[in-house]
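Residue numbers (the working numbering), protein chains in the order written: chain A, 963 to 1211; chain B, 300 to 600.
Hints should not be assumed to be uniformly reliable.
[Unchecked claim] Facing chain A, a subset of chain B residues (Cβ under 10 Å, in silico):
#, residue
1, C319
2, G395
3, K397
4, V401
5, A474
6, Y479
7, A486
8, V493
9, H496
10, R592
I should point out that these hints are in silico values taken from the structure, not numbers from a laboratory. Source: prediction; values computed, not measured. We put the CB at the ideal spot given by N, CA and C, even for glycine.
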Amino acid sequence: MSAIVEVRNFSAWYGPHPALREITLDVADHEILGIIGPASSGKTTFLRSLNRLNDLLPDFRVAGSIQFRGLEINRRDVDLAALRRKLGMVFAVPVPLPGTIHENLMLGPRLNNTNPDAGSLVEKTLRAAYLWDEVKDRLEQSAFALSGGQQQRLCLARTLMMEPDVLLLDEPCSGLDPISTARIEEALVELKKELTVILVTNNVMQASRVADRTAFFLQGRLIECGVTQQIFVNPREKETHEYVSGRFG
Amino acid sequence: MRRWIKFVGLAFTTLTGLACVIIVAMVAVILGDIAIHGWSRLSWEFISGEPRAGMTEGGIFPAIFGTAALVLLMTLAVVPLGVAAAIYLHEYARQGSKLVHVVRLALNNLAGVPAIVFGLFGLGFFIKFVGAGMDSALFGGALAFGQPCILWASLTLAVLTLPTVVVATEEALRAVPRSYREVAYAAGATRWQVVQHVVLPQSVGGILTGTILAVSRGAGEVAPIMFTGAAYYLPYLPKKLNDQFMELGYHIYVLTTQSPDVEATKPLLYATVFVLLVLTFALNFVAIIIRSRIRRRLRAA
């Protein structure tokens, strides 16, 4: 197993409040890592630390190390735009930008001006997000006209347009119906062939369905991380057992 | 006791309602009076002609032209500056920093300064300092910019209307959802790209609102331009930045207070006020239409 992201003794604070404590975790290439845990367990903070999106908050502090392909991402001289292209993110609430479906998809390529024929990726990414058949005839229509589930798949496709190595998903199905959720889960399992997926989810069953390995966070600590089946059937820690069996959280 | 409460309630309803009626009545009286007296004196000749016979006859075209040119120059100056300042304050500066605090304090104070003080400031700073400095540095001491002219008058108005534009723009920037910014950052945008691709297109409506407010304010101010460029009477139109100009508001002031024959100018005065109001309303109206179009396009797109 070769690690694409290596986290070592990583801690984070919002002002004086600790959000993550001493996290050590490897993410393997081409796996789906599920991250589960109750509210304010630090799982979203962890995810947003991987593409340094928390930098937007003025009093956010970190300690420890996160390496992406051997690159220490918290160094000051890191090219954040390049880093964030490599670790694409999909948010909990679908956020289509004002504009057409096509304009939304072109957001990354337009900002980064990297791939001159990014346009040719449109069909591929829409297919990968299981959205192509529903929107192929209306790419020039407003993205707001799509349903919530379609919007979230559009956001997934928009992120894929940047051809990231890692996909960071922050509860991507939290507001979606079961059918849309199933579509996204199918998409993720397919995508695993091409990239690595880190999936934060409030839905424990979602992790058990799609994740290769699952990490359980509680109050800013990584309680345990292991092969999904082991976490669900035979967890090492008492808290994990209680959480996955629905006894708290 | 119950009757007393009922009475107080009724009295309160009546009083608050009355306050509203008074407001509407005052506006109606002012507008009605001006419309009735002004309309009858209005003619194509009045709008397109020059003042004649010691401003007791003729038209007001130089003043209309001067007002339009003044407001246009002012807009060109105040919108880029105000929008840039607002973008810095809201997008770049660390919130809660001393600098932001000082700039906001300055803006609030600027908004509270009486208009006549801006006039004196324009005279002292733009004409006596910048203009005279330019003359001695660029024109070998010949009088070019060290005198009242449309450039300094419009810049003085720009300073006056700056807070309006900054506040309105900031309001618009604040209304752009944080999630939009996060999406752009997560897609590898730099701070400037976030502003350029996401924040500004979303705030155009609000920026235009600020511009409208600034224009309506600027078009009606007399005090700031009295010492900085407005002319009492000028038979030709301003052609260069350092020409003086006639302006509707100032022309009204002149007609009211400086005319040799106040009774003879009264109809002219009404018509001029009418034109000024129509111009201001028209500007407002056009800008409101532009804004609602942009909003609709943004919503539909």
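Comparing the hints with the structure gives:
no., hint, verdict
1, C319, "violated, 38 Å"
2, G395, "holds, 8 Å"
3, K397, "violated, 14 Å"
4, V401, "violated, 18 Å"
5, A474, "violated, 13 Å"
6, Y479, "holds, 6 Å"
7, A486, "holds, 4 Å"
8, V493, "holds, 9 Å"
9, H496, "holds, 7 Å"
10, R592, "violated, 15 Å"
Comparing the model with each earlier hint shows violations of hints 1, 3, 4, 5 and 10; every other hint is respected.
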